[in-house]
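Novice: One line per chain: the protein sequences are A and B, in this order.
Positions in the first sequence are counted from 1; adding 247 to them yields our numbering.
Positions in the second sequence are counted from 1; adding 8 to them yields our numbering.
Just so you know, these hints were derived from the structure itself, not from any lab.
Fair warning: there could be bad hints in the mix.
Below, in silico cross-link-like pairs of lysine to aspartate or glutamate (DMTMM-like), each with a Cα-Cα straight-line distance of 25 Å or less [to be verified]:
1) B:K36 to A:E379
2) A:K615 to A:E637
3) B:K42 to A:D410
4) B:K110 to A:D427
5) B:K22 to A:E629
6) B:K10 to A:E379
7) A:K293 to B:E62
8) B:K22 to A:D427
9) B:K13 to A:D435
10) A:K513 to A:D383
Each pair of labels, with its calculated beta carbon distance range [as the list claims (entries may be wrong)]:
11) B:K110 to A:D611: 39 to 45 Å
12) B:K110 to A:L261: 52 to 58 Å
13) A:W258 to B:K10: 56 to 62 Å
14) A:K513 to B:E128: 53 to 59 Å
15) A:P260 to B:K36: 46 to 52 Å
16) A:K451 to B:K13: 52 to 58 Å
17) B:C140 to A:P641: 44 to 50 Å
Partner residues are not named here, just some residues of chain A that face chain B (Cβ under 10 Å, in silico) [as the list claims (entries may be wrong)]:
18) K298
19) F407
20) P424
21) R428
22) Q628
Computed from a prediction, not measured in an experiment: that's the story for all the values here.
Quick reminder that beta carbons are idealized off the backbone N, C-alpha and C, glycines included.
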Amino acid sequence: MAKSVIPIGPWHPLQEEPEFFTLTVDGETVVDMDVSIGYNHRGIEKLSEMKSFDQATFVIERICGICSTSHPFAYTRAVEDVIPVEVPDRAKYIRTIIAETERIHSHLLWLGLAGHFLGYNTIYHWVWKLREEILDVCEILTGNRNNYAIFKPGGVRRDFNMDDIPLVLRKIDGIIPTVDRLKKAILDDPVLHARLKGIGILTKEEVIDYSALGPTARASGVAKDVRKDAPYGAYDRVDWDMIVTENGDVFDKVVVRVLETYESIKIVKTCIAELPGGEIDLNIKDIPPGEGIGAHEAPRGETFHYIRSDGTNRPARHKVRAPTFMNLPTYKATVIGETISYATIILAAIDPCYCCTERMAVRDVEGKRLFGGPDLVKLSQEKTARMKREMGMP
Amino acid sequence: MKLPKARELVEAIKALIVGPYTSKFPYKPHVPYKSFRGQPKYDPDKCVGCLACEQVCPAEAIGHEDITDGGEAKRVMYHYTDTCIFCGTCELACIADNEGIKLSNDWELAFFDRKTESFETIDKELQLCEICGEVIACKDHLRWISERIGELSFSSPTLYYSKLKELGVIDENIVSALRDSGRSDRFKILCARCRRETTLT
């Protein structure tokens, strides 16, 4: 039987990012799919290698429009790993508070978009109205709704104004009843049950095979979270639970994100209550030669940064791995076998962020991809061998 | 007909009384929170023209131009609104007690002409070398240094002559007009290169 190909993209009408899906369908069922990314390559790694360690934070912050804490958090941890140093307690708490408020607003953003993808715009309007309150909290604490400009290798750039804290707590308490109602409305809605339950199932084995991260993995019963596995910041000092569900369908991904919002609210409130005094910055002057890695559990999964310093004031090599890079291949496991109408929400279920993921794109003049999987492995092995030779390793 | 639920009724009545959640923005001004990071603004009295802000700016949104011809010597400090990312690094790096450049709450920064309206400037008076005419620093910066190092400033003729000139207790005629880079030039306001040359002769 003849199969047809449905192209979605390169400008996705819903996810509003440049990516290109090719769905091969047999009737209504998707039998094969392919994703092309690389439309939005910005050369961020090279840019950050041209700035000093302190200035690069602002470029890193702009890798992602939504997680403008996650990337600087991982980057500053990588730089601190090069030296290595431990940041002051107050800085750790401030970082944790900002990271968690960001997680709340990111999860709410996805929730609203998911409603929008399903044609359920009531959820979209309600959730995004609620999200404004959290963005206000971010603005009060850091001075902007996004791009907080507060991270810096060795601590944080500016302290909280303690006069604003009562207002922040009032705002956070104010959103809890609305989140409660949303939770009830979303998790008990028969329409959403019908649309989302049993759709796009990602099994535990597939998560392990694909090394999926974040809520995508936790919805399939794989308990992995950098905040619990290798605690940093103030995550080991406050009490919170990792949300893990078992089914792995889109509905469980919604459940994980809704419940994680509560955990984040809990972490923010505890951190503000226990905020210690003291220094916020170590005033690092020199970064010695060496290598460092840093990871942070972004709202979408683990963000990973690698820094190599050669003793100058700028990174000699900076490598960024965004969580979507790991989650993207799971489409193969989730979309194939479903109908086109479900593909829309399944493609959005990993909370993809293509701009973060774009690191390299090599194409010939006709737009064909030059490197497949085996080619990339070969290139990587060659590079490792070259680096080993340069560094005089056996 | 299906009757509305009590919750929906409450919501509808609330919406009637409270009105829409959105604001009537262009007609009613938006007031951001106090901590909002808006456009950085120079304080011409506090700024010493040291260029620390230019050095740390990650977006290269701060620049300067030294004008030394036409009988005046001034440094024009530029802040480009269009490239600024409002990160506040300039304020944190400011040597004048973080008050020379300060983030304001201004956020309505739209303009029509990028060539003439995209920047803000302030002028600072420059101190030139009395032999070669090279720029040493802004006069305010030299004063800031001598205030910081106290009596140690008397070990540098450049610093204490600047100070004396400012107080008006120095007579211009006393200084020798000879331009031989010799011993007579030692007691002048000099740039680093001329200072070295006069010391070596």
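Novice: Now, for every hint given, state plainly whether the structure supports it.
Specialist: Hint check results:
{"no.": "1", "hint": "B:K36 to A:E379", "verdict": "holds (19 Å)"}
{"no.": "2", "hint": "A:K615 to A:E637", "verdict": "violated (33 Å)"}
{"no.": "3", "hint": "B:K42 to A:D410", "verdict": "holds (11 Å)"}
{"no.": "4", "hint": "B:K110 to A:D427", "verdict": "violated (41 Å)"}
{"no.": "5", "hint": "B:K22 to A:E629", "verdict": "violated (66 Å)"}
{"no.": "6", "hint": "B:K10 to A:E379", "verdict": "violated (33 Å)"}
{"no.": "7", "hint": "A:K293 to B:E62", "verdict": "holds (22 Å)"}
{"no.": "8", "hint": "B:K22 to A:D427", "verdict": "holds (19 Å)"}
{"no.": "9", "hint": "B:K13 to A:D435", "verdict": "holds (16 Å)"}
{"no.": "10", "hint": "A:K513 to A:D383", "verdict": "holds (18 Å)"}
{"no.": "11", "hint": "B:K110 to A:D611: 39 to 45 Å", "verdict": "violated (52 Å)"}
{"no.": "12", "hint": "B:K110 to A:L261: 52 to 58 Å", "verdict": "violated (42 Å)"}
{"no.": "13", "hint": "A:W258 to B:K10: 56 to 62 Å", "verdict": "violated (40 Å)"}
{"no.": "14", "hint": "A:K513 to B:E128: 53 to 59 Å", "verdict": "violated (44 Å)"}
{"no.": "15", "hint": "A:P260 to B:K36: 46 to 52 Å", "verdict": "violated (33 Å)"}
{"no.": "16", "hint": "A:K451 to B:K13: 52 to 58 Å", "verdict": "violated (40 Å)"}
{"no.": "17", "hint": "B:C140 to A:P641: 44 to 50 Å", "verdict": "violated (58 Å)"}
{"no.": "18", "hint": "K298", "verdict": "holds (6 Å)"}
{"no.": "19", "hint": "F407", "verdict": "holds (9 Å)"}
{"no.": "20", "hint": "P424", "verdict": "violated (12 Å)"}
{"no.": "21", "hint": "R428", "verdict": "holds (8 Å)"}
{"no.": "22", "hint": "Q628", "verdict": "violated (36 Å)"}
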